[in-house]
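Peer 1: If you want the building blocks of each chain, they are given just below.
There are 2 protein chains.
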Amino acid sequence: MELLFQHRSIRQYKDEPIPKKLLNQIIEAGTRASNTGNMQLYSVVATRDAVKKAQLAPLHFNQPMVNQAPVLLTICADINLFNQWCGQRQADAGYNNLLWLMNATIDASLFAQNICVEAESHGLGICYLGTALYNAKEFIEALELPKGVVPITAVVVGYPDQNPPLTERLPLEAVMHDETYADFNKERVEQLFAEKESLASSKQFVAENQKENLAQVFTDVRYKKQDNEFFSAKLLDTLREQGFNL
Amino acid sequence: MELLFQHRSIRQYKDEPIPKKLLNQIIEAGTRASNTGNMQLYSVVATRDAVKKAQLAPLHFNQPMVNQAPVLLTICADINLFNQWCGQRQADAGYNNLLWLMNATIDASLFAQNICVEAESHGLGICYLGTALYNAKEFIEALELPKGVVPITAVVVGYPDQNPPLTERLPLEAVMHDETYADFNKERVEQLFAEKESLASSKQFVAENQKENLAQVFTDVRYKKQDNEFFSAKLLDTLREQGFNL
Chain A
11 MELLFQHRSI RQYKDEPIPK KLLNQIIEAG TRASNTGNMQ LYSVVATRDA
61 VKKAQLAPLH FNQPMVNQAP VLLTICADIN LFNQWCGQRQ ADAGYNNLLW
111 LMNATIDASL FAQNICVEAE SHGLGICYLG TALYNAKEFI EALELPKGVV
161 PITAVVVGYP DQNPPLTERL PLEAVMHDET YADFNKERVE QLFAEKESLA
211 SSKQFVAENQ KENLAQVFTD VRYKKQDNEF FSAKLLDTLR EQGFNL
Chain B
11 MELLFQHRSI RQYKDEPIPK KLLNQIIEAG TRASNTGNMQ LYSVVATRDA
61 VKKAQLAPLH FNQPMVNQAP VLLTICADIN LFNQWCGQRQ ADAGYNNLLW
111 LMNATIDASL FAQNICVEAE SHGLGICYLG TALYNAKEFI EALELPKGVV
161 PITAVVVGYP DQNPPLTERL PLEAVMHDET YADFNKERVE QLFAEKESLA
211 SSKQFVAENQ KENLAQVFTD VRYKKQDNEF FSAKLLDTLR EQGFNL
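So the sequences go chain by chain: A and B.
All residue numbers for the first sequence refer to the working numbering, where the first residue is 11 and numbers rise by one.
All residue numbers for the second sequence refer to the working numbering, where the first residue is 11 and numbers rise by one.
Because the hints were derived from the structure by calculation, they are not lab data.
For every residue, glycine included, the Cβ atom is placed at its ideal position computed from N, Cα and C.
Treat each hint with caution, since some may be false.
Keeping only pairs whose Cα atoms sit at most 25 angstroms apart, straight-line, the calculated DSS-like set for lysine-lysine is [stated by the list, open to error]:
id, chain 1, residue 1, chain 2, residue 2
1, A, Lys157, B, Lys147
2, B, Lys196, B, Lys206
3, B, Lys244, B, Lys147
4, B, Lys31, A, Lys235
5, A, Lys196, B, Lys206
6, A, Lys206, B, Lys221
Each pair of labels, with its calculated beta carbon distance range [what the hints assert, rightly or not]:
id, chain 1, residue 1, chain 2, residue 2, range
7, A, Phe215, B, Gln22, 47 to 53 angstroms
8, B, Lys24, A, Leu182, 24 to 30 angstroms
9, A, Gln214, B, Glu154, 34 to 40 angstroms
10, A, Phe71, B, Glu183, 30 to 36 angstroms
11, A, Ser208, B, Glu154, 29 to 35 angstroms
12, B, Ala210, A, Lys235, 39 to 45 angstroms
13, B, Glu154, A, Asp59, 46 to 52 angstroms
14, A, Asn255, B, Glu183, 27 to 33 angstroms
Reference excerpt, derived from the structure (chain B facing chain A, CB under 10 angstroms, subset only) [what the hints assert, rightly or not]:
id, residue
15, Lys62
16, Gly104
17, Leu108
18, Cys126
19, Tyr169
From just these sequences and the hints, can you work out the full model?
Peer 2: Okay, structure coming up:
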């Protein structure tokens with residue numbers, strides 16, 4: 011489908027609001043995605059208020075599109091409503107565990123992706139913000155998320171004010187296996203990453219960051235081990251505070 | 011988009027294969043989804059061999075569409091290839107932690123949902139199988155998944171041999187919040203679940219299972235607390251065996 015193959019993340023938006031009716035339709039398209047047992051263990055908080063966006067922007071490490079895009083959607087794994095319903099029906103809910111955190115996270119992600127596809131089908135642009143997981147604790151406070159609710163990703167949505175090129179992907183064989191997983195040997199890894207490493211944008215990235223190669227830009231600059239471990243520990247605390255037995 | 015609003019899970023398939031070229035295109039559409047840092051921390055194992063499907067069917071609790079559908083896709087969170095690349099570039103990968111398990115799980119889910127949307131755009135039907143997480147350990151063995159690779163969901167794909175009705179969803183207000191999360195009071199929960207509980211299919215479900223209400227069908231029959239805790243502990247072991255520090 012042309013729409014999927016033409017997806018780009020949009021980081022510059024027009025100063026043009028999204029009509030509420032359209033926003034509702036987009037979210038409703040999200041709810042049509044498959045989900046575990048039709049339990050709908052997800053939710054979304056829509057931020058349109060400029061003051062609220064300004065409050066959330068630092069939690070997204072001040073990525074400029076948070077303030078610029080008309081809508082910020084914080085997508086959550088959510089067992090709160092289902093738990094409350096069970097509580098009112100003498101039903102013993104047992105979903106505050108690893109298995110259901112994962113189920114709810116997957117279902118919230120399918121919900122998010124349908125939202126993005128629907129938005130793009132109306133000429134809107136989107137960009138995911140992975141920062142929701144890094145600062146889950148602070149988003150919980152700012153958005154008043156009750157126990158059982160954890161932000162897992164965020165998406166900005168608005169009318170695009172740029173037309174960036176497609177981003178490259180690894181050859182299909184890097185992610186697709188027939189019948190069993192064909193693990194990679196050293197030579198195959200070299201082949202699969204050759205094109206990515208040879209791009210002008212990759213070389214510029216390496217030079218700007220004064221690293222030896224592209225992999226080191228990821229491990230030494232963008233997503234460092236010590237940061238990953240810090241934010242993992244913080245996330246685990248937050249998940250426990252939200253009631254998950256992990 | 012009509013396609014998203016018409017999605018149903020398909021559980022009966024025609025005996026008709028999916029051409030390899032089309033299958034590749036569907037997976038490629040998956041790779042066009044957004045992903046964290048364009049690191050592509052996901053993979054898919056495509057099972058088309060009837061013998062292999064028969065081997066996997068019991069791990070999916072013998073859901074009949076595993077054998078019947080021409081293709082079974084096992085979708086994985088996957089840090090293996092990226093780790094190998096880093097290892098060959100003197101780059102110190104630090105992704106075997108909770109934060110990146112979640113990032114990879116979300117990215118694998120967006121990949122999966124794009125695969126499903128693309129498949130449906132070609133007249134194919136799909137059904138997610140949540141069982142991948144329950145028996146992750148056994149799928150790892152059967153599909154020879156190396157360390158760093160964890161199956162998070164599975165999807166059967168094929169030409170539909172049924173046209174089931176749309177499944178109901180809760181009112182949009184059950185999952186959508188404006189600016190801050192408006193937690194539910196008792197009366198609101200009653201309202202939000204009223205229609206779902208009043209459906210003939212729900213009443214039949216309750217009667218067949220000899221329960222007092224629909225919530226108890228979930229908690230006492232479909233997804234019991236003791237089972238959830240058993241499979242959570244098993245999943246945690248499996249994640250650790252695959253190299254994640256949890």
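Peer 1: Next step is simple, just say for each hint if it's right about the structure.
Peer 2: Cross-check of the supplied hints:
Our distance criterion of 25 angstroms between C-alpha atoms is broken by Lys157 (chain A) and Lys147 (chain B), whose separation comes to about 30 angstroms. Distance restraint check for Lys196 (chain B) and Lys206 (chain B): the Cα-Cα separation of roughly 16 angstroms lies within the 25 angstroms cut-off, and the hinted pair is therefore satisfied. Note on Lys244 (chain B) and Lys147 (chain B): the hinted pairing holds, with a Cα-Cα distance of about 8 angstroms set against a maximum of 25 angstroms. Note on Lys31 (chain B) and Lys235 (chain A): the hinted pairing is violated, with a Cα-Cα distance of about 39 angstroms set against a maximum of 25 angstroms.
Annotation: proposed proximity of Lys196 (chain A) to Lys206 (chain B) is violated, straight-line Cα distance about 54 angstroms (limit 25 angstroms). Restraint check for Lys206 (chain A) and Lys221 (chain B): the C-alpha separation of about 57 angstroms exceeds 25 angstroms, so the hint is violated. At roughly 49 angstroms, the beta-carbon separation of Phe215 (chain A) and Gln22 (chain B) lies within the given 47 to 53 angstroms, and the hint holds. At roughly 26 angstroms, the beta-carbon separation of Lys24 (chain B) and Leu182 (chain A) lies within the given 24 to 30 angstroms, and the hint holds.
Hint check: Gln214 (chain A) to Glu154 (chain B), Cβ distance near 38 angstroms, so the stated range 34 to 40 angstroms holds. One distance hint, 30 to 36 angstroms for the beta-carbon pair Phe71 (chain A) and Glu183 (chain B), holds here, with the actual separation near 31 angstroms. About 31 angstroms separates the C-beta atoms of Ser208 (chain A) and Glu154 (chain B), a value consistent with the hinted range of 29 to 35 angstroms. Against the hinted window of 39 to 45 angstroms, the Cβ-Cβ separation of Ala210 (chain B) and Lys235 (chain A) comes to about 55 angstroms, which falls outside the hint.
Between Glu154 (chain B) and Asp59 (chain A) the beta carbon distance is about 51 angstroms. The supplied range of 46 to 52 angstroms therefore holds. At about 29 angstroms, the CB distance of Asn255 (chain A) to Glu183 (chain B) agrees with the hint of 27 to 33 angstroms. Checking Lys62 (chain B) against chain A by beta carbon gives a least distance of about 6 angstroms; that is within 10 angstroms, so the hint holds. Hint status for Gly104 (chain B) relative to chain A: holds, with the closest Cβ pair at about 2 angstroms, below 10 angstroms.
Against a cut-off of 10 angstroms between C-beta atoms, the interface hint on Leu108 (chain B) holds, since the closest Cβ of chain A lies about 4 angstroms away. For Cys126 (chain B), the interface hint holds, the least distance from its beta-carbon to any beta-carbon of chain A being 7 angstroms, beneath 10 angstroms. Given hint, Tyr169 (chain B) at the interface with chain A, is violated; its Cβ is 17 angstroms from that chain's nearest Cβ, farther than 10 angstroms.
Going down the numbered hints, you'll see the structure goes against 1, 4, 5, 6, 12, 19, while the others check out.
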